[in-house]
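J.: Given these sequences and hints, build the entire structure.
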Amino acid sequence: MQDQLESLILEAEQEIEKCSAPNDILNVRAKYLGKKSVLNGLYGRMRELSKEERPAFGGLLNSARVKIEAFLESRSEAIKQAAWKKDSSGFDYTLPGVSLSRGGLHPLSIVRRQIDEVFMSMGFEIAEADEIEDEFHNFDALNTPKDHPSRNLADTFYVEGGKLLRTQTSTVQIRVMEKYKPPIKIISPGRCYRNDKPDPSHSPVFTQVEALVVDKGISMIDLQDTLQSFARIMFGTKVKSRIRPHFFPFTEPSAEMDISCVACDGQGCRVCKQSGWLEMGGAGMVDPAVFDTLGIDSEIYTGFAFGLGVERIAMLKYNIPDMRILFENDLRMLRQFRGEL
Amino acid sequence: MKIALSWLKQYLDIDSGVQELSQLLTFAGIEVEGIEEIPALGKTVIAAEVVSAERVPKTDHLRLCMVNIGDMPYDEKDENNLIPVICGAPNCRAGIKAVLALPGTSLKDFKIKKAKIRGIVSHGMLCSEKELGISDSHGGIIELEPDVKIGTLADEIYGLPDVSFELEITPDRSDLLGYKGIARDLSAKLLLKTKEPAIPALPKPAGTLKIGLTNLEPKLCPRYTLRIIEGVKIAPSPQWLQNTLLKSGLRPINNVVDITNYVMFESGHPLHAFDYDKLATKEDNQSHPDIIVRLAEPKEEFIALDGKKYILDGDELLIADGKSPSALAGVMGGQGSSITDETVNIALESAAFEPGSVRKTSYKHKLSTDSSYRFERHLSAEYAVSISDRATALILEIAGGKLAGELLDSYPQPEEPVVLGVRPSRFELLIGYEMDESRMKDILASLNFSYVAKGGFEHGNRHGIDILPAQDERDAALYFKIPGFRKDVTREVDILEELSRLDGYDKVPQPEDRQEIMDRHAYKINNAASDWLVAHGAFETLNYSFVDPSRMRCLGYEDEPDFIRLINPQSANQSVMRTSLIPQLLTNLAYNLNHSERDIRLFELGRIYLKQDGSHKEPKRLAAVFTGSAGEMHFAKKAGEIDYYWVKGCFEGWLNQLGLNYGVSPAEHPYLTEGESFAYEIDGVELGYFGRVLPPVLEAWDIDVQILKQEVWVLEYNVENIAEISRKISRVYQDIPRYPAVMRDLSILVPLEVSYQKVRDYILETDRSLIQSVSPFDEYRSEQIPQGFRSLSLHIVLQDQEKTLTDERIDTLMVLVQKVLKEKLNVSMR
Ligand SMILES: [Zn+2]
Chain A
1 MQDQLESLIL EAEQEIEKCS APNDILNVRA KYLGKKSVLN GLYGRMRELS KEERPAFGGL
61 LNSARVKIEA FLESRSEAIK QAAWKKDSSG FDYTLPGVSL SRGGLHPLSI VRRQIDEVFM
121 SMGFEIAEAD EIEDEFHNFD ALNTPKDHPS RNLADTFYVE GGKLLRTQTS TVQIRVMEKY
181 KPPIKIISPG RCYRNDKPDP SHSPVFTQVE ALVVDKGISM IDLQDTLQSF ARIMFGTKVK
241 SRIRPHFFPF TEPSAEMDIS CVACDGQGCR VCKQSGWLEM GGAGMVDPAV FDTLGIDSEI
301 YTGFAFGLGV ERIAMLKYNI PDMRILFEND LRMLRQFRGE L
Chain B
1001 MKIALSWLKQ YLDIDSGVQE LSQLLTFAGI EVEGIEEIPA LGKTVIAAEV VSAERVPKTD
1061 HLRLCMVNIG DMPYDEKDEN NLIPVICGAP NCRAGIKAVL ALPGTSLKDF KIKKAKIRGI
1121 VSHGMLCSEK ELGISDSHGG IIELEPDVKI GTLADEIYGL PDVSFELEIT PDRSDLLGYK
1181 GIARDLSAKL LLKTKEPAIP ALPKPAGTLK IGLTNLEPKL CPRYTLRIIE GVKIAPSPQW
1241 LQNTLLKSGL RPINNVVDIT NYVMFESGHP LHAFDYDKLA TKEDNQSHPD IIVRLAEPKE
1301 EFIALDGKKY ILDGDELLIA DGKSPSALAG VMGGQGSSIT DETVNIALES AAFEPGSVRK
1361 TSYKHKLSTD SSYRFERHLS AEYAVSISDR ATALILEIAG GKLAGELLDS YPQPEEPVVL
1421 GVRPSRFELL IGYEMDESRM KDILASLNFS YVAKGGFEHG NRHGIDILPA QDERDAALYF
1481 KIPGFRKDVT REVDILEELS RLDGYDKVPQ PEDRQEIMDR HAYKINNAAS DWLVAHGAFE
1541 TLNYSFVDPS RMRCLGYEDE PDFIRLINPQ SANQSVMRTS LIPQLLTNLA YNLNHSERDI
1601 RLFELGRIYL KQDGSHKEPK RLAAVFTGSA GEMHFAKKAG EIDYYWVKGC FEGWLNQLGL
1661 NYGVSPAEHP YLTEGESFAY EIDGVELGYF GRVLPPVLEA WDIDVQILKQ EVWVLEYNVE
1721 NIAEISRKIS RVYQDIPRYP AVMRDLSILV PLEVSYQKVR DYILETDRSL IQSVSPFDEY
1781 RSEQIPQGFR SLSLHIVLQD QEKTLTDERI DTLMVLVQKV LKEKLNVSMR
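Line by line, the protein sequences are chains A and B.
Numbering follows this note's numbering, with no gaps: position 85 of the first sequence is 85.
Add 1000 to a position in the second sequence, counting from 1, and you land on the number used in this note's numbering.
Derived lysine-lysine pairs resembling DSBU-like cross-links, with alpha carbons at most 35 angstroms apart: (1) K1617/B - K317/A; (2) K1299/B - K1278/B; (3) K85/A - K1638/B.
For each label pair, taking beta carbons as the anchor points, the in silico distance ranges come out as: (4) S74/A - Y1645/B: 52 to 60 angstroms; (5) E1808/B - L341/A: 52 to 60 angstroms; (6) P1619/B - D199/A: 28 to 36 angstroms; (7) V271/A - R1520/B: 34 to 42 angstroms.
If you are wondering where the hints come from, they were derived from the structure by calculation, not from laboratory data.
Where a beta carbon is used, it is the ideal one built from N, C-alpha and C, also for glycine.
T.: What follows is the structure in structure tokens.
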């Protein structure tokens, strides 16, 4: 009897091993443990045994049942796992994934958006106006003398009808001050034009961002503060900024703004011509004459303005050696800025 | 906290209307969470006497009462002024005085009429407090005091009409947890004087009883006072006292307890009265009981007024008698020593407890009471005696009795006065406008801040420290002694807040209306347009604003546009301002093709420059050019080529996302192929176009179409028009459908001249409310299909907002759809 049981267990084990689907398990279970199974039949034969033999035999039958149950259980689990485990032999995981083919913004747009964001977070609004301007808004209102050399054909593009292509976005400031009352807190990003031949550091078309703040109690502290915040957010917290005396017709006092060289941390290098400082643009307190022209009471209101060159910032930030690269629109350049924030 | 206007008026002469008062409170920083008006009951609701109350036969609870209405005119009363009234209240019985609402009375919820009940006519109703609207209690009808005169109007008895306010008191303002505090803040707001209740001088002690007082925890109980009143007569409170409590949401109990509650509501400071005779002595042979302020023993048991047994941990502060706890200090009294009808002698406690200890005990045993609520918020020890005096005077007046012995007062460490300076210059700096010194003094005087002196400013409490002269105007400060009940005022800035709050935040200058210089919507639309193209794999280019004029003819225009010409161009091919972005994009395309690029997607967002009426304009446009693969190169998944469907999807996708409902027509640009190029507009306003560039045009840019073997597509968005049109669109949330959507497929034979759009529109029109969407999943043309037809397969999504769709309903609808398509478009099923 015991031998018969052991061979039955062995037979069941082998058959269970061959199961490959949940259905196979059900069939095998019915065959070995079901009502018509050999094992079940053996239970029926218990009464043929003497009272003394019965417990031992019953124990054997139960242990056979338990063993077969265990085989079924472990095979069933294996089948379940096989269903979701992938055979990874021969799979080359180094082959590339499928990429969503995003494009990218032009580096000048990237920098423009960065600048917009910095200033908008400081409560500035963005103002725009036409690029084709009259002399009043580009020169006169900005206190530029009638015979100033910047008005020459050699410096400024003129179009038919006596208008010109604005040489700075300060024109937007004038137009905003004509239309709105202080307090005013704007930046005016946009294209400007100067009659320069394209070379590594010049372009007849370039992008400027000017900032203008007019309110009661605006002082050079506010100028310094805004400039410093801008430089730190744009170039990192280590960057220092400074202003030094200069001349612009529409600001008084006027200043040139510098930031510490981002290439050498102000130690002196080729980029900053060993000075440790990089010129960022012009700045100053709005000249009372500008306010007077626009009918803003310069006794009540003061303001500051400054202008930044977007190309120059982009070139510094991304180490672009030649301004002309920015206008070639070569995909091999554009692709390098894919994903830049 | 609930306060009644009638009670508040005892401390302040306010004649403001309800809404006005609510505004005043709100802007004093006391938020009004609810206003409940208790209307007058009128001349038909009166005090009446139940002369007899006989059970109505065959009912359990109804009684026929003969009610005496005295001189009250009423047609149907008998010669003894009696009228029959049926009443179902269990406490209705002969001999009581009750409130009767005669027929014709309008109560809050119903109108009283003569009614026939079980064949008996009832002339009115005996009312409960709830029915009259004076409390939430409907435990039977009101039983008035026996001495109320029959015929007295209920309005007179209850002081109606009245208004109650539900106030939210911020946790820092313990001083506002009483009527006097509210009145004080209002007085500062209105610059009125508050009215202090007159406390008569207390008589000399004439009693003989004594009590011992031991304070073992002066840290947790900075002050404990105790006073014995002998021979009081416990009885219901007089009507006025009951009324005030009722209207503040408190249930009257008996005169002594009611008085302690009354004084707590008046002053914000809780009191407790013990039954003197229930207090145990410490030693058995001692002649007088003891009160001991001590910590609980671990596992010590306490049965509170609520009848529950509390097992104490050992860190609760107790007021114990000589043997066992008599109260959880500041939280709840004990049952054993509570005031009952049998009480004759009382011990009155007025104390101050450390807030943290009260909070901990209250939290631990989940016992929050009017008392703990107040002590948790830090009450001053300074007023314990005056509050005790106020309650004592009221008890002597109302409950009688005499004082026994002097007040016992354990106050080992009197609170130190606080003197703080406030600089007018600082007010201007922080609040933003000037307030003159006299105004400051007026406001603070109303808050009981007493002016001390003027001098140089120093931070911190200056009590007992010399105030030096100010060095200049900026340094000059006014010094005030802060009243003890303002535990929240500890620094100059706290005083500044009081000044600003009570002067009114509306005094803070409002900035002028902000002008909007920036067009934020247009800014976002421009960025979104660029981002959309970037998401479709395009790179942004930037080109000069001036171009070669001959390029426009290369695009197929017969004449050059009316360019804005430069007077001093740098070269002939940069001599005019651009009127289109397309030529330069084609130049960028050619450039990159020449540099071995094949899959190219480029766009530019920039201005074009147009002459207009002798002047000019510079609108912005976004244009793009596409050629090559429609996806990234991948070895395992082949991407298709950029074609009509790709460009159409890209172009329309953004407009769809913006929610624009556009019309489509063939694009009329000479550089685009016919039949594949379409322009989009809304009410004649151009949104843009897309289309395939004609091969001869490309040749003008030296792009050899034979070699390229790719289609070149362009699109252009008029971003300014899109910004204008999308400005008005606002999104409104739609409820998510609660019932499942069902999809049905339809395979149809469509005549070649019938467009998909026509088919779709007819299907949608069949039932707009049920058919949510139609989308094609197959188009098929072959010889098996009848000549002049093509096969289209569509997914149709159906959904009902109201219920789950049944198969029957769907089938009926699908039959209808088929019928409509057959009749209107000669479309049949496959
Ligand atoms: Zn450097």
